[in-house]
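Chains as they are written, first to last, in my numbering: chain A, 1 to 313; chain B, 1 to 220.
Worth double-checking, as some hints may not be accurate.
List time: in silico SDA-like cross-link candidates among lysine to any residue, alpha-carbon distance up to 25 Å [stated by the list, open to error]: (1) A/K216 x B/F4; (2) A/K244 x B/I84; (3) A/K290 x A/H140; (4) B/K150 x B/A172; (5) A/K244 x B/K188; (6) A/K244 x B/N18; (7) A/K161 x B/F190; (8) A/K244 x B/P16; (9) A/K206 x B/K188; (10) A/K169 x A/N110; (11) A/K232 x B/K188; (12) B/K137 x B/G153; (13) B/K137 x B/F190; (14) A/K232 x B/E36; (15) A/K244 x A/K206; (16) A/K244 x B/N52; (17) A/K68 x A/M106; (18) A/K232 x B/S39; (19) B/K188 x B/S131; (20) A/K244 x B/A172; (21) A/K232 x B/I84.
Which bits of chain A does chain B cover? Going by a derived footprint, with three or more residues having C-beta under 8 Å, they are [said to hold, decoys possible]: (22) 204-211; (23) 284-293.
Just so you know, the hints here were simulated from the structure itself, not pulled from any lab data.
This structure is a prediction, so every number in the text was calculated from the model and none was measured.
Ideal Cβ placement from N, Cα and C applies to all residues, glycine included.
Residue strings, one per chain:
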Amino acid sequence: MTIMAQIYAVGGGKGGSGKSFLTANFGALFARQGHNTVLVDLDLGGSNLHSLLGFRQVKKGLNSYLNKSVSDLSTVAVPTEIPNLHLISSVDCSLEIGNLFYAQKMKIINAIHRLPFDIVLIDLGAGSTYNVLDFFLSAHEGIFVFTPEPTSIQNTVQFIKAIYLRRVKQILKHYAFSNVVKELAGESEADLVRSPLDIVDRVMTKDPDRGKLLEKELRKLVFKLVLNQYRKHIDEELGNKIEKVCNRHFYAGFQFLGNITYDERVHNSVLAKTIFANKYPYTPTSTDLKQTAEMMLKKSGETSSAIGKYGEV
Amino acid sequence: MERFENLNYYELLEVPVNALPFEIRQAYRNALSIYEEESMISDSFFTDDERNAILRRIEEAFSTLIDKGQRGGYNKELIDAGVIDASLLEKGKPKSKGPIPLFSLKKTGGQESLSARVRNRIERKDFMEVSREILSKSLISGKDLERLRKHVGIAVEEIFEVTRISLKVLTAIESDDVASLPRTFYLKNFLKAYAELFNLDSRKVIDGYLENIAYLKNTK
């Protein structure tokens with residue numbers, strides 16, 4: 001029997017926005033609800049998810065799979081203190097793991113899709129390198145985490161654009177529009193491609209039929225937004241506004257899941273190496289986490305295909 | 001979703017075609033909070049040129065829709081182009097969306113209150129001649145006030161609606177019923193309210209009326 005896990009990727013461009021924190025807490029909440037959950041630390045070269053879960057070190061992890069000492073990725077999923085919650089760490093990988101080879105990347109993506117769990121949560125690193133983008137696009141749902149600061153919003157938007165551009169290129173390649181891509185790549189040397197929408201527009205004007213196909217494919221994209229470290233004095237509608245702008249100016253579906261209230265004690269929970277939602281269950285922040293986690297699961301029923309091409313294994 | 005450049009003004013501001021001016025104003029403010037220069041969102045998404053182009057369009061949309069005449073012309077364009085259905089423009093029942101003013105006595109959303117409608121009717125009517133004639137008299141009787149009221153076409157009950165002076169008092173005033181009139185202090189205030197409703201010089205009305213009452217008392 002094969003179980004098709006629902007895969008979520010948590011990314012967001014900027015470091016320190018709380019991607020790992022949210023991954024760990026969402027994972028704990030899913031596990032508490034009885035979902036067999038595994039967290040995959042794909043912040044390669046910056047792994048620290050294990051620390052949030054109370055591990056001082058993890059003996060086996062992604063590296064054991066990559067160097068073929070184990071043949072099945074699920075065997076390196078170590079159980080955590082929380083029932084139903086497992087972790088695949090990448091802390092055992094070499095220091096150069098950040099620069100992953102293409103074959104290794106594909107191997108990881110394929111293995112993740114075969115993991116025998118209900119829910120897989122992928123914790124991604126900052127930045128918008130190809131590895132991060134491809135891991136993100138390999139999930140069923142992508143979650144962008146940002147904080148209410150201009151720097152964070154900027155990086156998130158850059159990340160969204162990068163994801164979008166990567167997907168546009170994937171689609172163009174998939175439908176053998178490669179001549180268009182080459183043409184555009186040539187043009188972009190002189191006139192830097194700043195907005196991926198430019199490409200879509202150019203394809204549409206040059207070749208309306210293919211443009212339509214591209215638009216249709218792009219509309220299948222479903223992205224979620226989470227506003228972390230929300231503080232009282234900030235515009236309550238900020239997340240909804242960003243959702244609106246994204247939906248208006250990209251051909252894709254964005255959904256704002258909710259605000260996660262800032263709490264000083266998050267720091268304590270990190271120091272204590274415990275899950276915040278378990279250590280402080282009756283705080284506004286934990287309530288927010290719970291609600292957002294529920295929102296994540298509620299809407300995931302419809303999408304069965306991965307956002308990017310890598311899901312089609 | 002339609003491309004941003006192709007959105008019509010209503011779609012741009014995200015208001016229904018039959019939106020009320022206050023809704024348009026609110027929507028405009030919301031749009032600015034996203035796209036204006038100080039907004040945290042806009043500088044992440046857009047270059048200055050793009051943002052300025054968007055802001056220009058929002059400005060254009062707002063200034064067109066907030067102006068009754070321009071909006072009518074624009075609606076016509078949209079209907080002619082087949083973008084919107086003419087039936088949408090008919091004023092449906094305004095949705096009870098948004099905050100309801102705390103101290104509003106209005107029971108129905110869209111309709112003006114009765115007192116406001118009475119005031120409007122008085123305002124629209126030209127009765128300068130009659131009022132000037134009445135004010136020129138040194139003695140002003142209740143009959144004069146009644147004559148003016150009937151000339152303008154206002155029922156005594158409507159005066160009550162606006163001024164909240166009881167019908168009993170109003171009829172007493174208009175019929176110079178000295179015995180039923182309230183005490184002078186109250187009477188003055190009632191006369192003042194009555195006179196101001198018809199844009200009369202209240203001091204003259206009060207003086208004229210009181211003198212008339214005194215005259216009536218003496219002649220009895």
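Handout entry: Indices of hints not satisfied (ascending)
Key = Hints 5, 7, 9, 11, 15, 20, 21, 22, 23 not satisfied by this model.
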